[in-house]
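Chemist: Residue numbers (our numbering), protein chains in the order written: chain A, 1 to 282; chain B, 283 to 637.
Think of the hints as simulated: they come from the structure by calculation, not from any bench. Worth double-checking, as some hints may not be accurate.
Stated by the list, open to error - Simulated pairs of lysine-lysine, BS3-like, Cα-Cα distance not exceeding 27 Å:
hint: 1; chain 1: B; residue 1: Lys-363; chain 2: A; residue 2: Lys-96
hint: 2; chain 1: B; residue 1: Lys-622; chain 2: B; residue 2: Lys-545
hint: 3; chain 1: B; residue 1: Lys-287; chain 2: B; residue 2: Lys-437
hint: 4; chain 1: A; residue 1: Lys-94; chain 2: B; residue 2: Lys-363
Since this is a predicted model, take the numbers as computed values, not measurements.
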Amino acid sequence: MKSNKRTWLLLSPGITWILFFLVAPLIMMIYVSFWTQTTFSIKPELTVTSWVNFFSSDTYFGALLRTIRIWLTVLFVTLLVGYPVALYIGQFIKNKTLQTALLVTCVIPFWTSFLIRVLAWRPMLGKEGAINIVLQKIGIIDAPIEVLLFTELSVIIGMVQIYVVFMVGPIAFMIGRIDGSLIESARDLGASSWTIFRRIILPLSMPGVIVGAIFVTVMVLGEFATASALSGRKVNLLGNIIITQVGSLKWAFAAVAGVVLTIVMATFVAVMLRIVNLRNQL
Amino acid sequence: MLEVKGVSKSFSGVPAVEDVSFKVEQNEYVTLLGSSGSGKSVLLRIIAGLLTPDAGVVLLNGEDVTDLPCHERRIGFVQQKYALFPHLNVFDNIAFGLRHREVDPIKNESLVKQKVSETIALVGLIGQESKMTGQISGGQKQRVSLARTLVTEPKICLLDEPLGALDANLRERMTIELQNIRSELGVSFMHVTGNEFEALAMGQNMLVMSEGRIVEQGIPQQMYATPSDLITAKSMHNFNIFSGDDLHKHMEAGTSDKLSAAKIKKAMHCAIPMDRIDIVAASAKAKGLRAEFLTSEFLGNKIIYFFKTEDGHVCEVEDHMSLRERRELTASTTYALKWKSKDILYYDENKQLLG
Chain A
1 MKSNKRTWLL LSPGITWILF FLVAPLIMMI YVSFWTQTTF SIKPELTVTS
51 WVNFFSSDTY FGALLRTIRI WLTVLFVTLL VGYPVALYIG QFIKNKTLQT
101 ALLVTCVIPF WTSFLIRVLA WRPMLGKEGA INIVLQKIGI IDAPIEVLLF
151 TELSVIIGMV QIYVVFMVGP IAFMIGRIDG SLIESARDLG ASSWTIFRRI
201 ILPLSMPGVI VGAIFVTVMV LGEFATASAL SGRKVNLLGN IIITQVGSLK
251 WAFAAVAGVV LTIVMATFVA VMLRIVNLRN QL
Chain B
283 MLEVKGVSKS FSGVPAVEDV SFKVEQNEYV TLLGSSGSGK SVLLRIIAGL
333 LTPDAGVVLL NGEDVTDLPC HERRIGFVQQ KYALFPHLNV FDNIAFGLRH
383 REVDPIKNES LVKQKVSETI ALVGLIGQES KMTGQISGGQ KQRVSLARTL
433 VTEPKICLLD EPLGALDANL RERMTIELQN IRSELGVSFM HVTGNEFEAL
483 AMGQNMLVMS EGRIVEQGIP QQMYATPSDL ITAKSMHNFN IFSGDDLHKH
533 MEAGTSDKLS AAKIKKAMHC AIPMDRIDIV AASAKAKGLR AEFLTSEFLG
583 NKIIYFFKTE DGHVCEVEDH MSLRERRELT ASTTYALKWK SKDILYYDEN
633 KQLLG
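Build out the structure end to end from the sequences listed, making use of the hints.
Modeler: Next comes the structure, spelled out in structure tokens:
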């Protein structure tokens with residue numbers, strides 16, 4: 001009984017925090033999404049107008065589809081780029097200090113501000129940017145590639161660069177934890193390097209992939225700054241819609257977009273956690 | 283069968299294995315005894331193909347396999363900490379080598395099932411097939427690890443301290459089971475251990491390794507009774523070893539009959555079995571090496587008495603409980619320790635037994 005009391009006492013700060021700053025705002029957001037929105041005011045009279053408008057408008061529903069498309073592309077590319085890096089750090093670097101040093105190197109870009117990191121892509125990707133100049137100088141292209149900046153591609157490039165480290169970290173951690181004797185045993189049992197990767201390393205690194213995917217998902221789905229900075233406001237994600245709606249005091253509409261985003265994120269996280277039981281693996 | 287010739291391996295200039303040569307015959311149980319850091323695990327890894335030697339060759343049935351990759355050697359290697367795949371159940375762990383080996387994998391699942399089931403029955407794991415490796419005990423993990431190797435029908439099976447992590451009861455049971463399993467399959471086992479009892483009990487042939495070298499090879503009974511190398515004598519933990527300036531003085535004092543003059547002249551070290559020493563009261567007349575009684579250790583079927591000589595040398599005397607009653611000795615009291623001349627083993631300056 002005493003220890004039960006102590007458990008609740010220890011849990012209470014966390015529970016209070018989550019209740020006030022997560023559960024309550026979430027409920028409020030769902031509630032507000034059903035309020036009646038007029039041009040300049042909002043009334044707590046329940047209606048589904050905002051929801052109907054959201055799903056019947058090409059602009060908003062299109063933004064949802066675009067957000068999902070960009071998110072899945074970024075997720076796939078971060079995994080594609082991040083996994084080999086994590087595999088190298090976790091499996092091929094035996095020295096723990098060097099492993100840590102390389103992981104720290106991955107986060108060096110985070111020593112500068114988010115906006116600088118995003119905006120730094122402009123002189124790289126622009127019509128007269130570094131990439132076009134170099135490609136033209138070495139004669140690979142005659143005219144600059146225009147698709148590099150202010151397009152969906154530039155948004156994807158920027159996001160991959162920013163978020164790939166969140167994929168590398170958890171995967172490298174899981175791969176680094178794989179006992180060398182497992183690899184030795186598999187080799188001794190006659191397995192080739194590819195089989196060892198497919199049958200041992202890959203399944204054992206899956207919790208890292210799941211955690212990395214959750215990190216990237218949560219961050220990319222909530223994104224708005226990279227999209228507006230690198231697309232010249234041409235690519236609107238749900239995050240950008242929320243910002244615009246809040247800016248024009250359309251709270252109900254912003255709440256609808258917020259709820260939709262939350263549902264997408266929660267569904268993805270739930271599915272991922274169904275695939276791998278993190279509690280057993282970590 | 284397996285022949286290792288002049289194998290050496292260094293790490294950052296520090297030799298781990300130096301000029302090691304030995305043979306393991308077909309259908310033989312060989313034990314390799316060595317303290318930790320003696321290079322025995324490195325040697326095993328070289329044989330398995332997990333490490334490449336700097337010099338020397340490894341021959342398997344006369345064929346040089348030194349440069350053959352590990353997965354093409356068909357040498358089984360049972361790791362010290364079992365190294366079971368945590369994401370696979372017992373059955374899939376055992377079937378791993380059959381299904382996924384590079385050379386000649388078995389695609390027919392019913393054949394895999396049949397072979398795995400046979401091995402599971404052999405190692406006594408029936409009923410555990412679908413359990414995950416985290417749900418089974420240490421002894422069962424040991425069996426899975428062994429079964430996983432044996433099912434691939436290796437030419438020789440290397441076992442790296444296979445009983446090290448088991449409790450004493452289980453270790454004794456596994457000792458017998460390992461021998462039974464081996465004789466049933468007719469495959470050679472090379473068992474590496476730091477435990478002299480394990481090495482003596484299991485091996486038909488025994489190797490002793492120290493500082494990267496094989497110091498002695500032979501039949502366990504013989505090596506236990508008359509080790510031809512002083513390092514072997516030390517590894518057996520059955521001898522009191524006397525060396526240094528006071529060697530002659532100690533031998534003169536403790537030997538109850540006449541010492542071999544020729545041998546003691548050449549000897550630089552002497553070894554006396556712990557169970558061949560008698561303890562008597564240190565009266566003025568009594569012959570014997572004077573030593574102060576420190577303490578005793580009761581081990582069930584035997585008891586060990588610890589003494590300290592005047593120059594600080596610790597001497598152990600072992601009495602088997604079936605042969606005599608427990609002695610009533612008083613701590614901090616001086617006693618006389620004596621032995622017979624025929625029980626002394628003499629070693630020269632190269633630590634080799636004098637004939």
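Chemist: Could you tell me which of the numbered hints above are not met by this structure, giving the numbers in increasing order?
Modeler: none
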